[in-house]
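Q: Taken in order, these protein sequences are the chains called C and V.
Quick note on numbering: the first sequence equals residues 144 to 447 in the numbering used here.
Quick note on numbering: the second sequence equals residues 3 to 368 in the numbering used here.
By construction, these hints were calculated from the structure, which means they are not laboratory data.
Since this is a predicted model, take the numbers as computed values, not measurements.
Beta carbons: idealized from backbone N, C-alpha and C, even for Gly.
Don't take each hint at face value.
Computed footprint of chain V on chain C, listed as stretches where at least three residues anywhere in the stretch have a Cβ under 8 Å from a Cβ of chain V [claimed, not checked]:
{"id": "1", "stretch": "189 to 195"}
{"id": "2", "stretch": "216 to 222"}
{"id": "3", "stretch": "226 to 232"}
{"id": "4", "stretch": "242 to 250"}
Below, each chain spelled out in residue letters.
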Amino acid sequence: MKHVIEIRNLTKHYGDLIAVNDLSISIKKGEIFAFLGPNGAGKTTTVEICEGIRKPTSGSVHLFGEEFSGKSKSIRERIGVLPQEYRSFERLTVYETLKYYASFYQRNRNIDEIIALMDLNDKRNDLYMNLSGGLKQRVGVAMALVNDPDIVFLDEPTTGLDPRARRGVWKAIQKLKEEGKTIFLTTHYMEEAEHLADRVAIIHNGRIVAEGSTHELISRHGDGYTVKLHGCDTGKMGSFGWDVREVKDNSITLHVLKPGDITGILSKAIKDGKGFESMEVRRANLEEVFLNLTGETLEGGDAH
Amino acid sequence: MRPVAIITDFMANVKMWYRSKGTVFWAIAFPVLLMLLFGAIFQGQDDVTITLYVQDMDNTDTSEMFISSLEERLKIESIPDDVEFDGYISDNNIRAALVIPQGFENTVQSASMGSNDSLYIILSLDPTRESINGMIRGIVGGTLQGWNMDITGGRNVLIYGEESITAREFKFIDFFLPGVIGITVMTSSIYGTIFRNTKYKKWGILRKLSTTPFSRWEYLVSKMLFMTFVSFVSTFVIIIVGVVVWDIRVIINAYLFVIVTSAAFAFSGMGMLISRFVKEEETADSAGGAVTFPQMFLAGTFFPLEMMPAYLGQIARVLPLYYVNEGLRDAMIHGNNTGAMYNTAIIFTIAAVLFVLGALMTTWTE
Ligand SMILES: Nc1ncnc2c1ncn2[C@@H]1O[C@H](COP(=O)(O)OP(=O)(O)OP(=O)(O)O)[C@@H](O)[C@H]1O
Ligand SMILES: [Mg+2]
Numbered sequence: 144m145k146h147v148i149e150i151r152n153l154t155k156h157y158g159d160l161i162a163v164n165d166l167s168i169s170i171k172k173g174e175i176f177a178f179l180g181p182n183g184a185g186k187t188t189t190v191e192i193c194e195g196i197r198k199p200t201s202g203s204v205h206l207f208g209e210e211f212s213g214k215s216k217s218i219r220e221r222i223g224v225l226p227q228e229y230r231s232f233e234r235l236t237v238y239e240t241l242k243y244y245a246s247f248y249q250r251n252r253n254i255d256e257i258i259a260l261m262d263l264n265d266k267r268n269d270l271y272m273n274l275s276g277g278l279k280q281r282v283g284v285a286m287a288l289v290n291d292p293d294i295v296f297l298d299e300p301t302t303g304l305d306p307r308a309r310r311g312v313w314k315a316i317q318k319l320k321e322e323g324k325t326i327f328l329t330t331h332y333m334e335e336a337e338h339l340a341d342r343v344a345i346i347h348n349g350r351i352v353a354e355g356s357t358h359e360l361i362s363r364h365g366d367g368y369t370v371k372l373h374g375c376d377t378g379k380m381g382s383f384g385w386d387v388r389e390v391k392d393n394s395i396t397l398h399v400l401k402p403g404d405i406t407g408i409l410s411k412a413i414k415d416g417k418g419f420e421s422m423e424v425r426r427a428n429l430e431e432v433f434l435n436l437t438g439e440t441l442e443g444g445d446a447h
Numbered sequence: 003m004r005p006v007a008i009i010t011d012f013m014a015n016v017k018m019w020y021r022s023k024g025t026v027f028w029a030i031a032f033p034v035l036l037m038l039l040f041g042a043i044f045q046g047q048d049d050v051t052i053t054l055y056v057q058d059m060d061n062t063d064t065s066e067m068f069i070s071s072l073e074e075r076l077k078i079e080s081i082p083d084d085v086e087f088d089g090y091i092s093d094n095n096i097r098a099a100l101v102i103p104q105g106f107e108n109t110v111q112s113a114s115m116g117s118n119d120s121l122y123i124i125l126s127l128d129p130t131r132e133s134i135n136g137m138i139r140g141i142v143g144g145t146l147q148g149w150n151m152d153i154t155g156g157r158n159v160l161i162y163g164e165e166s167i168t169a170r171e172f173k174f175i176d177f178f179l180p181g182v183i184g185i186t187v188m189t190s191s192i193y194g195t196i197f198r199n200t201k202y203k204k205w206g207i208l209r210k211l212s213t214t215p216f217s218r219w220e221y222l223v224s225k226m227l228f229m230t231f232v233s234f235v236s237t238f239v240i241i242i243v244g245v246v247v248w249d250i251r252v253i254i255n256a257y258l259f260v261i262v263t264s265a266a267f268a269f270s271g272m273g274m275l276i277s278r279f280v281k282e283e284e285t286a287d288s289a290g291g292a293v294t295f296p297q298m299f300l301a302g303t304f305f306p307l308e309m310m311p312a313y314l315g316q317i318a319r320v321l322p323l324y325y326v327n328e329g330l331r332d333a334m335i336h337g338n339n340t341g342a343m344y345n346t347a348i349i350f351t352i353a354a355v356l357f358v359l360g361a362l363m364t365t366w367t368e
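Produce the complete structure using the sequences and hints provided.
A: Pasting the structure below:
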């Protein structure tokens, strides 16, 4: 069995709104698969249908080769879930929380081992309500591991965390990958998808607009380079006919196709444009891929 | 001091206050509800229909006349003259009764012709209802006095006497203790269930649980065990305080257990039904208040139903808490097993219906 998750022609309507529109994907065993999309793209809807929490309007989800609608207990035994914006029981300790969830399953993984894996040893006997946001999310991931699941669903595991806490959660997820777990995660942070995922699907308005490894996506849809000039006269620079992507305060972001184009920009900016204070150049990333494909920024959709 | 800042902050508070329906409920609807409820309850003092049971052992025209003079101000029900008085009033849970002894007519007639005869008219009253007893006492005493005036111009021919219906002396606290158990089980079960359900829904705990092999029914059973446990802890504490501090004699029997358990189920079921429609934690408060407060005041927790106007008494009879209170009083205080059984049967049925409905309406997923 190569594909442990198979989503076929999935559609979900909420009244008139089409949240997921004829979406199909297959996820291989042992893969970290990331759903990248802005708020309201349909990530949670899709994932929660896979987890059996929501019912599709049409289409189907197969887990381990078997159609799953939430009923089958033997499939529930084999999946681990972290819902979006999950909060656990306030007055249970980390250990008690994990023990609580573990009691529901036949298959169990040693709780101390999970605590060590998620780097929660120090917090073992702390009440959940006293943990920081990052630790809470790590407990959330730990909670999804108590049954030693074959598939782990993580819905926006790092939203709202500061960069350091985010790295902590990433480290935890990478350890799962090393253990050969299949991970389906959603995010609206392109760094997260780039950093963690073997394969990324960009989802927009309920449809997958592109799918592949970060490299593939960038070479297919994210050609060229981004040049950002800080501390410059943006009004003047904007009139030079460059491919301007963003103007913010006194910085301007441009897109060029070849590295060679950069020298032209620099000399023109210095000669005709009163110069600049500093500059950044980088290869296109998933942000540009998303922009190229949808005409919108990932951030733009970020309402939180 | 910057007035603009103060005004801005004040306006922001007004806006947020107005937008949070729960707080508005507490600030406005709650006092209004209290005013209306208490107003209705105490206004009723003037025109309550008080029932007096009368056993006419004389069965003469004169005794009938006496009964009709009482009937002007009381609702009279009759006790057959061939039953044993004490047994009858305890079996039927009668709280105020009067016996017209045999020889009533003879005494009245001979007294009016100048004899020295006199006769005790004994009124039996339930001491837990002191406020009502006062009214009955006044009416019966007044009627007797009127008759004495008519017969002899004032000599006490018909002498007023009084005894307690039960052998024991009951006080208000005897009436109150079962009511405290009732409201405690009600509020903890309803609020506990609503808060748990709305919180767990919001936090994603219910969604998370739905992806585990733990079933909704297993969850419900464990929650009910828990609510029942909490209800018994409260009941136990209330009884201990009642016994130790107020020296209440409490009867502990199977009815008590069945009623408290049924109450926990009935009110948790009610909580489940409510949380089905309440989406936010803030509204949970007002929804809980909306079902608990009317019951608290109308179901005979603080005042006997007889003190209220009849229409409020009718409302009480559709409130589950009324049967809990009455059943607990019959079982724990009065030792009235017939009444306890009747109320237990009703609350048990209500519990079954509310719990099953609540359980069916509770969903973890969409
Ligand atoms: N229960 C619901 N009822 C009605 N509309 C819903 C419901 N759940 C989601 N939606 C709508 O469906 C669309 C997709 O929502 P979904 O939660 O799947 O997006 P998402 O990609 O997970 O977004 P986010 O990053 O904000 O979590 C949104 O427009 C949302 O408003
Ligand atoms: Mg989401």
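Q: Would you mind marking each hint as holding or not holding in the structure?
A: Each hint tested on the structure:
1. Restraint check on the stretch 189 to 195 of chain C versus chain V: 3 residues with Cβ-Cβ distances below 8 Å, three needed, restraint holds.
2. Given as covered by chain V, the stretch 216 to 222 of chain C passes the check, having 4 residues with a CB less than 8 Å from a CB of that chain where 3 are the minimum.
3. For a cut-off of 8 Å, the count of residues in the stretch 226 to 232 of chain C with a CB near a CB of chain V stands at 7, and the three-residue condition holds.
4. Beta-carbon proximity to chain V at under 8 Å applies to 4 residues in the stretch 242 to 250 of chain C; the threshold of 3 is reached and the given coverage holds.
The structure meets every hint from the earlier list without exception.
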